[in-house]
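Number of protein chains: 2
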Amino acid sequence: MNNKCYIAIDCGGTKIAAALFSEQGQILKEETLKLEGAGGKDAADKIVTLINSLLHHAQTSNSVPVSLGVCIPGIVYHDTGKVWAPNIPDWDEYPLLDHLLKSLPKSIKVSIDSDRACYILGETWMGSAKGAKNAIFVAVGTGIGAGILVDGKILRGHGDIAGATGWMALQRPYNKKFDACGNFEYYASGDGVARTAKEILKNTTGYEGTLNPGTLRSEDVFEAFDKGDPVAIETFGQCIELWGMAVANYVSLFNPEKIILGGGVFGPAVKFIPQIMEEAKKWAQPISITQVSLKATTLGKHAGLIGAGRLAMLNT
Amino acid sequence: MNNKCYIAIDCGGTKIAAALFSEQGQILKEETLKLEGAGGKDAADKIVTLINSLLHHAQTSNSVPVSLGVCIPGIVYHDTGKVWAPNIPDWDEYPLLDHLLKSLPKSIKVSIDSDRACYILGETWMGSAKGAKNAIFVAVGTGIGAGILVDGKILRGHGDIAGATGWMALQRPYNKKFDACGNFEYYASGDGVARTAKEILKNTTGYEGTLNPGTLRSEDVFEAFDKGDPVAIETFGQCIELWGMAVANYVSLFNPEKIILGGGVFGPAVKFIPQIMEEAKKWAQPISITQVSLKATTLGKHAGLIGAGRLAMLNT
Numbered sequence: 110m111n112n113k114c115y116i117a118i119d120c121g122g123t124k125i126a127a128a129l130f131s132e133q134g135q136i137l138k139e140e141t142l143k144l145e146g147a148g149g150k151d152a153a154d155k156i157v158t159l160i161n162s163l164l165h166h167a168q169t170s171n172s173v174p175v176s177l178g179v180c181i182p183g184i185v186y187h188d189t190g191k192v193w194a195p196n197i198p199d200w201d202e203y204p205l206l207d208h209l210l211k212s213l214p215k216s217i218k219v220s221i222d223s224d225r226a227c228y229i230l231g232e233t234w235m236g237s238a239k240g241a242k243n244a245i246f247v248a249v250g251t252g253i254g255a256g257i258l259v260d261g262k263i264l265r266g267h268g269d270i271a272g273a274t275g276w277m278a279l280q281r282p283y284n285k286k287f288d289a290c291g292n293f294e295y296y297a298s299g300d301g302v303a304r305t306a307k308e309i310l311k312n313t314t315g316y317e318g319t320l321n322p323g324t325l326r327s328e329d330v331f332e333a334f335d336k337g338d339p340v341a342i343e344t345f346g347q348c349i350e351l352w353g354m355a356v357a358n359y360v361s362l363f364n365p366e367k368i369i370l371g372g373g374v375f376g377p378a379v380k381f382i383p384q385i386m387e388e389a390k391k392w393a394q395p396i397s398i399t400q401v402s403l404k405a406t407t408l409g410k411h412a413g414l415i416g417a418g419r420l421a422m423l424n425t
Numbered sequence: 110m111n112n113k114c115y116i117a118i119d120c121g122g123t124k125i126a127a128a129l130f131s132e133q134g135q136i137l138k139e140e141t142l143k144l145e146g147a148g149g150k151d152a153a154d155k156i157v158t159l160i161n162s163l164l165h166h167a168q169t170s171n172s173v174p175v176s177l178g179v180c181i182p183g184i185v186y187h188d189t190g191k192v193w194a195p196n197i198p199d200w201d202e203y204p205l206l207d208h209l210l211k212s213l214p215k216s217i218k219v220s221i222d223s224d225r226a227c228y229i230l231g232e233t234w235m236g237s238a239k240g241a242k243n244a245i246f247v248a249v250g251t252g253i254g255a256g257i258l259v260d261g262k263i264l265r266g267h268g269d270i271a272g273a274t275g276w277m278a279l280q281r282p283y284n285k286k287f288d289a290c291g292n293f294e295y296y297a298s299g300d301g302v303a304r305t306a307k308e309i310l311k312n313t314t315g316y317e318g319t320l321n322p323g324t325l326r327s328e329d330v331f332e333a334f335d336k337g338d339p340v341a342i343e344t345f346g347q348c349i350e351l352w353g354m355a356v357a358n359y360v361s362l363f364n365p366e367k368i369i370l371g372g373g374v375f376g377p378a379v380k381f382i383p384q385i386m387e388e389a390k391k392w393a394q395p396i397s398i399t400q401v402s403l404k405a406t407t408l409g410k411h412a413g414l415i416g417a418g419r420l421a422m423l424n425t
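Chains A and B, in that order, are what the protein sequence lines are.
The first sequence maps to residues 110 to 425 in the numbering used here.
The second sequence maps to residues 110 to 425 in the numbering used here.
Hints should not be assumed to be uniformly reliable.
Identical chains share a label here; the pair holds if one copy fits it or two copies do between them.
[Stated by the list, open to error] Below, simulated SDA-like cross-link-like pairs (lysine to any residue); rule was C-alpha separation at most 20 Å, straight line: (1) K285 / E387; (2) K390 / H267; (3) K242 / K262; (4) K390 / A289; (5) K218 / D154.
Keep in mind that the hints were calculated from the coordinates and are not lab data.
With the sequences and hints as input, model every part of the structure.
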């Protein structure tokens with residue numbers, strides 16, 4: 110008897126990861142391919158190459174692939190199947206769905222979704238939000254974005270760009286410097302940690318620590334924090350406040366069961382989660398806050414691939 | 110031939126409004142009953158009285174009532190059918206659904222939802238958000254709450270208390286005074302307008318206007334604004350900033366097609382909508398903000414009853 114299986118593709122900025130999932134969620138086969146700067150149709154062809162290799166593997170192991178899920182580092186327009194990914198050349202309104210449908214056996218159903226959508230699908234399937242139907246994944250990296258699950262479905266919005274939480278307004282008055290990325294992201298993303306530290310350094314006299322405003326990156330601030338640097342401590346004090354306010358706003362608006370913090374910053378900021386929850390408790394709707402748990406991602410870098418597998422499985 | 114019809118109940122704090130809707134959305138019959146302080150089972154019996162009167166009317170006009178929608182000024186727990194309404198005595202976990210199911214013909218399906226959920230259902234059916242599947246109704250009255258429609262469905266959250274937007278954090282640092290109602294509501298609800306004006310008055314020397322901090326209500330601030338009072342002007346400057354930030358946050362998180370402002374404050378604050386949109390544009394995700402329109406409610410006090418009608422119609 111043949112078993113059903115599902116193909117997952119996680120398209121990053123530099124490489125593509127692919128996996129074949131069993132119906133039970135086991136990874137039967139995993140492969141990766143470097144993008145090597147490929148964009149447009151060439152990048153899409155690399156995805157097809159990986160899929161064909163997995164299809165071949167499925168055939169030799171008597172599994173029947175029924176659907177494909179693709180995780181994209183950008184925006185997916187669901188009415189057209191076109192994608193926009195800032196780190197992949199020529200993927201600006203690129204017709205990825207059409208390309209895949211043309212290149213693959215007609216029996217295979219195809220779904221494409223954004224990385225943040227896949228992250229929360231992955232976490233509710235196998236990770237820190239397992240089984241939750243109302244859950245939010247907050248990806249804090251270079252930028253900040255959120256994948257939001259409402260009653261088991263991805264919140265997409267009118268134009269497929271819901272979850273742009275880096276643009277959240279948390280501190281009036283408005284300042285022109287927020288224009289490029291939004292107020293929350295300006296101060297509390299990976300780059301934001303560095304920006305906050307630089308602003309504090311600028312207003313600190315007699316500082317004798319190791320932080321250098323000319324070369325400062327978030328990694329330096331984390332390192333300085335562990336050594337007790339006062340500017341790093343103040344920086345994370347401010348970031349914890351903003352992360353806590355953001356969590357509070359998700360809680361009051363969405364009344365979720367789980368909020369998962371991930372991305373490069375969580376990571377090293379995982380140690381702050383108890384303090385972030387304390388800050389959130391001050392602001393949030395007082396009943397909703399007792400109904401939520403705030404956790405770090407347990408899937409880490411695999412969240413996109415696992416989410417793509419779940420995406421495939423939900424489309425059958 | 111008999112036509113289908115739908116029963117709507119809008120339960121306020123002082124009276125109950127009821128209507129019979131045709132399939133085309135026309136009101137065939139409307140009635141009201143004063144609550145006169147009734148709570149618990151007595152309040153529920155008044156609802157049943159109104160429904161029976163409408164059932165009788167339907168019979169005499171050859172219409173067949175297929176479902177009932179009830180709008181409640183509080184929280185509805187959908188797994189138990191119990192309701193909580195702070196302004197109706199003994200409606201704390203009151204089993205309203207059970208009571209209605211026992212008291213009505215078995216052929217009639219019953220749905221109950223919160224006022225803010227009904228408001229957005231009403232507005233997307235017949236009001237300012239007609240046809241929108243992703244839309245938000247922000248009710249700014251004594252408090253602030255939101256009814257949020259995601260892909261045509263009411264956002265309820267894990268514990269049925271999503272949309273508690275009055276608790277939104279918009280201004281750090283946290284202050285104990287926000288504990289009772291939340292930061293946004295503290296400054297920008299009807300009561301919040303008065304609180305903001307009082308804080309400004311306290312910090313203003315040489316004020317010669319009519320505003321009296323001892324007796325101040327939001328109505329007074331609106332009146333003073335129309336006469337050019339500087340404290341009232343500053344008050345609404347701050348409220349517009351907060352309303353704009355809140356709108357921006359809905360836009361960035363939900364990417365909605367419509368945001369509707371209603372409640373007692375919108376009302377007289379409708380004149381500020383262009384300025385609120387200008388403020389929101391500064392903060393919000395720049396593509397999402399171009400996809401949304403911000404409007405005042407056109408249903409006004411009928412939004413709850415119309416929404417209850419829609420609620421009934423959706424449950425067939």
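Hints versus structure:
For a Cα distance limit of 20 Å, the shortest separation of K285 from E387 across copies, 14 Å, qualifies, whereas the shortest one inside one copy, 31 Å, does not. Taking the closest pair of Cα atoms, K390 and H267 come within 20 Å of each other only across two copies (17 Å); inside a single copy the shortest separation is 31 Å, beyond that limit. Within a single copy, K242 and K262 get their C-alpha atoms as close as 8 Å, and across copies as close as 15 Å, so both meet the 20 Å cut-off. Proximity of K390 to A289 under the C-alpha cut-off of 20 Å is restricted to the inter-copy arrangement: shortest distance 13 Å between copies versus 30 Å within a copy.
In this assembly of identical chains, K218 and D154 lie within 20 Å of each other by CA distance solely inside one copy; the values are 18 Å within and 53 Å between copies.
Hint compliance for this structure: no hint is broken.
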